[in-house]
Amino acid sequence: MATQDGGEEVIMETEANPKEVEPLCEGAEKGDTETTSHSEAGNATTQESSISNGDDADEQREMVDVKIIWNKKKYDLKIPIDDTGAKLKESIHSLTGLPPAMQKVMYKGLLPEDKTLREIKVTNGAKIMVVGSTINDVLAVNTPKEVIQQEVKAEENKKEPLCRQKQHRKVLDKGKPDDIMTAIKGTKERLPTVPLSGMFNKSGGKVRLTFKLEQDQLWIGTKERTEKVPMGSIKNVVSEPIEGHEDYHMMAFQLGPTEASQYWVYWVPAQFVDAIKDTVLGKWQYF
Numbered sequence: 001m002a003t004q005d006g007g008e009e010v011i012m013e014t015e016a017n018p019k020e021v022e023p024l025c026e027g028a029e030k031g032d033t034e035t036t037s038h039s040e041a042g043n044a045t046t047q048e049s050s051i052s053n054g055d056d057a058d059e060q061r062e063m064v065d066v067k068i069i070w071n072k073k074k075y076d077l078k079i080p081i082d083d084t085g086a087k088l089k090e091s092i093h094s095l096t097g098l099p100p101a102m103q104k105v106m107y108k109g110l111l112p113e114d115k116t117l118r119e120i121k122v123t124n125g126a127k128i129m130v131v132g133s134t135i136n137d138v139l140a141v142n143t144p145k146e147v148i149q150q151e152v153k154a155e156e157n158k159k160e161p162l163c164r165q166k167q168h169r170k171v172l173d174k175g176k177p178d179d180i181m182t183a184i185k186g187t188k189e190r191l192p193t194v195p196l197s198g199m200f201n202k203s204g205g206k207v208r209l210t211f212k213l214e215q216d217q218l219w220i221g222t223k224e225r226t227e228k229v230p231m232g233s234i235k236n237v238v239s240e241p242i243e244g245h246e247d248y249h250m251m252a253f254q255l256g257p258t259e260a261s262q263y264w265v266y267w268v269p270a271q272f273v274d275a276i277k278d279t280v281l282g283k284w285q286y287f
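When we follow the UniProt record's numbering, the leftmost residue of the sequence shown carries the number 1, and every step to the right adds one.
Careful: at least some of the hints might be erroneous.
[To be verified] Derived SDA-like pairs: lysine to any residue, alpha-carbon spacing no greater than 25 Å straight-line:
(1) LYS277 x ASN124
(2) LYS188 x LEU95
(3) LYS127 x CYS163
[Said to hold, decoys possible] The following label-pair restraints were derived from C-beta to C-beta distances:
(4) PRO192 x THR258: 42 to 50 Å
(5) THR116 x PRO192: 18 to 26 Å
(6) MET63 x LYS170: 50 to 58 Å
(7) PRO112 x GLU246: 21 to 29 Å
(8) GLY232 x LYS176: 15 to 23 Å
(9) ALA126 x ALA101: 20 to 28 Å
(10) ASN201 x ARG164: 18 to 26 Å
Quick caveat, the hints were computed from the structure, so don't treat them as lab data.
These numbers come from a predicted model, not from an experiment.
Quick reminder that beta carbons are idealized off the backbone N, C-alpha and C, glycines included.
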């Protein structure tokens, strides 16, 4: 027994050693797993942080809140203030479905497509008027403005200058009104924020023009009354410099299908003539 005990004890101790090592190996594997998990979690956190920073950068762009008014409906729009008028038209298309080419966008006059909203001083809460018709509406119009404009221009070429005609001389011979607005020859300006005043109408009475862009109306005011004319009903606008006073024009708004419906206004400052035509008729035409 004595000799066998020593041998058996050695054998038992040798066999017991692997059993004691196994828990240590399991612990090591768990440690490695935990280390890998922490590493992967760290990488995920880093990736999420990177994406968040990208969103924050987009939000840092300066935005402006405006109200779009079209077809008697109002739309709220948030747009970068450094977007151009052309970009604004694309946003309006997304809101209303009205193609950019069919839009007449007005903010203190016809809105330029090549300038940014910052440059034309659009502020939060600004109301932007949009006028335009769908293709179906356009095709339903019997007499497009484009055709009428061409006919009127052809007739004007056959006649003597308007300011020499007797019907206009009786007004022009009264001379320039004392309270007329200052005129600048050879320049083009946007419509002022105040009504154009101090002018004469065909009867020689004082008249003022107020452009109500939100209502898409032209208000023709005299001492007796104010006539509110939808801009869409004005078929054409013609003008001609006054001889000897080329910094002023005489201008007619054609309110019906013939020249008999023209409403004449005299001593219109030359710098506003193009802006008046663009605002009333729009630069877009029927296709």
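These are the hints, each one checked on the structure:
no.	hint	result
1	LYS277 x ASN124	violated, 28 Å
2	LYS188 x LEU95	violated, 32 Å
3	LYS127 x CYS163	violated, 39 Å
4	PRO192 x THR258: 42 to 50 Å	violated, 31 Å
5	THR116 x PRO192: 18 to 26 Å	holds, 22 Å
6	MET63 x LYS170: 50 to 58 Å	holds, 56 Å
7	PRO112 x GLU246: 21 to 29 Å	holds, 26 Å
8	GLY232 x LYS176: 15 to 23 Å	violated, 33 Å
9	ALA126 x ALA101: 20 to 28 Å	holds, 23 Å
10	ASN201 x ARG164: 18 to 26 Å	holds, 19 Å
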